[in-house]
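Novice: With the sequences and hints as input, model every part of the structure.
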Amino acid sequence: MRKTLLAASAALLLAAGPAAAQQKTIKIGFVSTFSGPVAVIGNNMRDSFELALDHLGRKMGGLPVEVIYEDDGFKPEVGKQKTDKLIESDKVDFLTGYIWSNVLLASVKSALDSKTFIISANAGPHQLAGEGCSPFFFSASWQNDQTPQAVGHYMNQKGVKTVFLIGPNYAAGKDMLAGVAATFKGKIVGEELTTWPAQLDFSAELAKAKAANPDAIFVFYPGRAGVQFLTQYAQAGLKDKIPLYTAFTIDELSLPLQKELALGVPGAQQWVNDLPNEANKRFVADFEKKYPGKKPSFYGAQSYDAAMLIASAVAATKGDLSNKTAVQKALEKADFKSVRGDFKFNNNHFPIQAFYLQDVVKDAKGDFVLKTIATIVKDNQDAYHGKCPMK
Amino acid sequence: MTLFIEQCLNGLQFGLLLFLLAAGLTLVFGIMDLVNLAHGSLYMIGAYFAATFAAWTGSFVFGAILALAATLLVGMVVEVVAMRRLYGRDHLDHVLGTFGLILFFDELVRLIWGPEGLSLPLPLWLNSPIEILPGVQYSAYKFSIIVVSLIVAIFLYVLVMRTRVGMLIRAGASNREMVGALGVDIKLLYTLVFGLGAALAGLAGLMQAPILTVQIGMGESILILAFVITVIGGIGSIRGALVAAILVGFIDTLGRAFFPDLLRLAFTKEVAATAAPALSSMLIYLLMAIILVVKPEGLFSAGGK
Numbered sequence: 001m002r003k004t005l006l007a008a009s010a011a012l013l014l015a016a017g018p019a020a021a022q023q024k025t026i027k028i029g030f031v032s033t034f035s036g037p038v039a040v041i042g043n044n045m046r047d048s049f050e051l052a053l054d055h056l057g058r059k060m061g062g063l064p065v066e067v068i069y070e071d072d073g074f075k076p077e078v079g080k081q082k083t084d085k086l087i088e089s090d091k092v093d094f095l096t097g098y099i100w101s102n103v104l105l106a107s108v109k110s111a112l113d114s115k116t117f118i119i120s121a122n123a124g125p126h127q128l129a130g131e132g133c134s135p136f137f138f139s140a141s142w143q144n145d146q147t148p149q150a151v152g153h154y155m156n157q158k159g160v161k162t163v164f165l166i167g168p169n170y171a172a173g174k175d176m177l178a179g180v181a182a183t184f185k186g187k188i189v190g191e192e193l194t195t196w197p198a199q200l201d202f203s204a205e206l207a208k209a210k211a212a213n214p215d216a217i218f219v220f221y222p223g224r225a226g227v228q229f230l231t232q233y234a235q236a237g238l239k240d241k242i243p244l245y246t247a248f249t250i251d252e253l254s255l256p257l258q259k260e261l262a263l264g265v266p267g268a269q270q271w272v273n274d275l276p277n278e279a280n281k282r283f284v285a286d287f288e289k290k291y292p293g294k295k296p297s298f299y300g301a302q303s304y305d306a307a308m309l310i311a312s313a314v315a316a317t318k319g320d321l322s323n324k325t326a327v328q329k330a331l332e333k334a335d336f337k338s339v340r341g342d343f344k345f346n347n348n349h350f351p352i353q354a355f356y357l358q359d360v361v362k363d364a365k366g367d368f369v370l371k372t373i374a375t376i377v378k379d380n381q382d383a384y385h386g387k388c389p390m391k
Numbered sequence: 001m002t003l004f005i006e007q008c009l010n011g012l013q014f015g016l017l018l019f020l021l022a023a024g025l026t027l028v029f030g031i032m033d034l035v036n037l038a039h040g041s042l043y044m045i046g047a048y049f050a051a052t053f054a055a056w057t058g059s060f061v062f063g064a065i066l067a068l069a070a071t072l073l074v075g076m077v078v079e080v081v082a083m084r085r086l087y088g089r090d091h092l093d094h095v096l097g098t099f100g101l102i103l104f105f106d107e108l109v110r111l112i113w114g115p116e117g118l119s120l121p122l123p124l125w126l127n128s129p130i131e132i133l134p135g136v137q138y139s140a141y142k143f144s145i146i147v148v149s150l151i152v153a154i155f156l157y158v159l160v161m162r163t164r165v166g167m168l169i170r171a172g173a174s175n176r177e178m179v180g181a182l183g184v185d186i187k188l189l190y191t192l193v194f195g196l197g198a199a200l201a202g203l204a205g206l207m208q209a210p211i212l213t214v215q216i217g218m219g220e221s222i223l224i225l226a227f228v229i230t231v232i233g234g235i236g237s238i239r240g241a242l243v244a245a246i247l248v249g250f251i252d253t254l255g256r257a258f259f260p261d262l263l264r265l266a267f268t269k270e271v272a273a274t275a276a277p278a279l280s281s282m283l284i285y286l287l288m289a290i291i292l293v294v295k296p297e298g299l300f301s302a303g304g305k
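One line per chain: the protein sequences are U and B, in this order. Residue numbering for the first sequence follows my numbering, beginning at 1 and increasing consecutively. Residue numbering for the second sequence follows my numbering, beginning at 1 and increasing consecutively.
Calculated directly from the structure, the hints in this document are not laboratory data. Any given hint could turn out to be false.
[Claimed, not checked] Restraint-style ranges between C-beta atoms, simulated for each label pair:
1) B:GLY135 / U:LYS259: 24 to 34 Å
2) B:TYR285 / U:LYS391: 44 to 54 Å
3) B:ASP185 / U:GLY366: 52 to 62 Å
[As the list claims (entries may be wrong)] Far from chain U, by Cβ distances over 12 Å, these chain B residues were calculated:
4) GLU6
5) THR57
6) ALA70
7) ARG85
8) LEU150
9) PHE155
10) GLY180
11) ILE211
12) ASP261
13) LYS269
14) MET288
15) VAL294
[Unchecked claim] Example chain U residues on the side facing chain B (calculated, C-beta under 7 Å, incomplete):
16) PRO64
17) THR194
18) GLN235
19) LEU255
20) LEU257
Just so you know, even glycine gets a beta-carbon here, dropped at the ideal spot from N, CA and C.
Specialist: See below:
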């Protein structure tokens with residue numbers, strides 16, 4: 001009797017073993033900024049990622065999903081530590097998040113060395129787009145140069161002849177200024193890079209821009225610095241004199257503080273809240289329902305897409321993530337409905353996508369909102385994909 | 001030339017603002033021998049109060065006045081509740097205690113006002129540029145910061161050099177035990193000095209608020225500069241703080257404004273663009289290092305110990 005019982009339980013155990021292995025969870029590590037003055041961005045990304053999981057029924061390819069959120073504290077070295085921890089002790093299947101290019105650049109090597117798929121939901125430094133592209137790196141956002149290139153095109157259309165560039169002195173800031181320089185046909189009369197993120201008083205730079213008397217000023221200041229820049233630009237009396245063109249400076253998170261200062265200041269973006277596709281309508285409506293009083297932003301839209309992209313690959317491989325090549329191929333297909341409409345990957349795993357002109361208007365309720373004005377470029381590819389050895 | 005004048009004004013404005021912050025710090029450090037890392041929190045509190053009161057009253061000026069009074073009160077309460085326990089202890093205890101206060105204030109502000117921060121809009125008459133010299137346009141608000149700070153500097157000078165309270169403050173900076181032994185209520189004096197320092201920090205914070213917006217932790221990076229000024233100017237010396245603050249303000253602003261162009265003459269454009277912001281932010285610390293070597297007690301040392 002006892003022997004039978006033993007045999008039976010052994011059989012049960014054996015039967016349960018493989019079943020338990022199949023019932024694994026998909027582990028995703030999400031590195032973003034959840035503390036300090038720019039935490040509002042990280043929180044918006046997390047909210048959007050959670051919304052995507054709700055839409056997915058909190059399952060990917062039939063498997064439960066576990067997301068581990070880690071705070072990079074706005075610092076590259078902390079971001080790298082957290083990434084290492086997610087890879088080594090949590091053994092995550094995917095890494096995503098990453099607002100800041102310098103944080104991503106510090107963290108990416110650990111991911112690539114350990115062959116962990118890393119999907120940037122915002123940062124797109126050029127170092128990862130050209131010769132440094134990788135089978136394990138994907139971008140659910142853009143390459144840094146792309147958006148300012150679109151602004152450069154738009155300034156050409158507006159007949160701007162001379163421009164003064166201002167941005168922060170870190171990986172993304174340099175990419176942004178290089179992006180404008182690549183497409184802008186007029187003359188760049190001045191270029192200022194400021195200490196990032198410590199410097200928040202731009203009076204010296206604005207005085208120089210004023211003295212150079214250009215047709216336009218281009219600026220890139222993400223997060224809270226964008227509010228400070230617009231305020232000081234108005235206080236210096238430049239608002240009615242020298243028009244401002246922006247990339248990643250005005251968004252739904254900074255607008256509540258920028259208010260009328262942002263009215264009529266154009267910017268380029270690959271996602272705007274009013275894009276007329278079904279996936280986006282659902283995203284925007286459900287976001288406002290789930291988080292009353294909050295608004296979705298482009299940071300969130302990219303995080304939402306990142307979740308959908310990961311889910312599409314998990315579903316395509318039926319949850320078997322051990323075959324890295326199969327996962328890579330599945331990710332490359334980008335078989336999901338993006339909130340920005342068409343979405344396909346280039347050979348370097350950066351998206352080929354449209355960039356829109358957005359402007360700030362007052363809506364019926366008197367709130368300041370962003371609105372699509374026109375499409376600046378369609379099917380835009382980044383400038384570095386030719387140098388990427390992946391085909 | 002216009003550009004140079006404008007940049008000098010920017011430097012002066014930044015310097016005077018730093019002076020307000022450093023004056024309180026140097027007073028507390030010099031007289032009470034207390035290292036107060038939480039001075040930046042009072043700067044932040046001043047800005048939050050101003051944004052809140054300005055929204056309530058609908059007036060920037062009223063909001064500022066109320067915020068000033070409220071910060072003074074908060075400073076005195078902090079002194080009575082927390083700082084009194086720290087006098088006579090080791091400097092390490094001061095650092096630990098006041099660092100705890102920073103965390104406390106940051107979390108308190110997060111609980112009361114939320115993590116997003118506030119904006120403090122300026123009235124129209126301050127938000128547009130004015131012509132201060134023929135052909136030189138300058139931000140009316142920045143100009144008013146210069147004027148207000150200068151008035152406060154004069155007020156502090158009169159208070160410290162010409163009044164009985166000021167005499168006690170100076171005496172306290174030179175020899176605390178003797179002042180106490182002569183029957184002066186040193187506890188009350190400390191509370192007053194700490195409150196005054198808090199109000200000055202609050203004034204700096206609320207004046208900076210419309211330029212930089214109001215956010216948690218806004219006082220921490222600027223506090224480093226205030227400490228540098230205290231060291232350069234000499235601990236406990238208001239005059240030293242004024243001179244050092246204006247020096248630091250000028251070096252910081254003019255360094256940022258003209259240093260990149262100088263570098264561009266010597267190096268390639270890329271090198272200059274990358275190195276200039278880093279190097280110009282080092283200039284202040286370079287100055288501090290030189291002062292420490294040449295005159296370790298600071299430019300104007302207050303204590304004739």
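Novice: Compare the structure with each hint and give your call.
Specialist: Consistency of the hints with the structure:
With their beta carbons about 32 Å apart, GLY135 (chain B) and LYS259 (chain U) fall inside the hinted range of 24 to 34 Å. For TYR285 (chain B) and LYS391 (chain U), the Cβ-Cβ distance of about 50 Å falls inside the hinted range of 44 to 54 Å, so the restraint holds. Between ASP185 (chain B) and GLY366 (chain U) the beta carbons are some 55 Å apart, a value that agrees with the proposed interval 52 to 62 Å. Not every C-beta of chain U lies more than 12 Å from that of GLU6 (chain B), the closest at about 5 Å, which undercuts listing it as non-interface.
With a least beta-carbon separation of about 19 Å from chain U, THR57 (chain B) lies farther than 12 Å from that chain, consistent with its non-interface assignment. With a least CB separation of 23 Å from chain U, ALA70 (chain B) remains clear of the 12 Å interface cut-off, as annotated. A cut-off of 12 Å between C-beta atoms confirms that ARG85 (chain B) is not in contact with chain U; the least separation is 29 Å. In this structure LEU150 (chain B) is separated from chain U by more than 12 Å, as the shortest Cβ-Cβ distance comes to about 18 Å.
Distance check for PHE155 (chain B) against chain U: the nearest CB is about 25 Å away, which clears 12 Å, and the non-interface claim stands. No beta-carbon of chain U comes within 12 Å of the beta-carbon of GLY180 (chain B); the shortest separation is about 41 Å. The beta carbon of ILE211 (chain B) sits about 6 Å from the closest Cβ of chain U, which is not more than 12 Å, so the claim that it is off the interface is violated. At roughly 9 Å from the closest C-beta of chain U, the C-beta of ASP261 (chain B) falls inside 12 Å, breaking its exclusion from the interface.
Taking the minimum C-beta to C-beta distance to chain U, about 8 Å, the non-interface status of LYS269 (chain B) is violated against the 12 Å cut. For MET288 (chain B), the requirement that its beta carbon stay farther than 12 Å from each beta carbon of chain U is met, with the minimum near 17 Å. For VAL294 (chain B), the requirement that its beta carbon stay farther than 12 Å from each beta carbon of chain U is met, with the minimum near 27 Å. With a least beta-carbon distance of about 30 Å to chain B, the hint placing PRO64 (chain U) at the interface is violated under the 7 Å criterion.
About 6 Å separates the beta-carbon of THR194 (chain U) from the nearest beta-carbon of chain B, less than 7 Å, and the hint is met. For GLN235 (chain U), the interface hint holds, the least distance from its beta-carbon to any beta-carbon of chain B being 5 Å, beneath 7 Å. Hint status for LEU255 (chain U): violated, given a least beta-carbon distance of 11 Å to chain B, over 7 Å. At its closest, the beta carbon of LEU257 (chain U) sits 4 Å from a beta carbon of chain B; the interface hint therefore holds under the 7 Å criterion.
Violated hints, listed in ascending order, are 4, 11, 12, 13, 16 and 19; each of the other numbered hints is respected by the structure.
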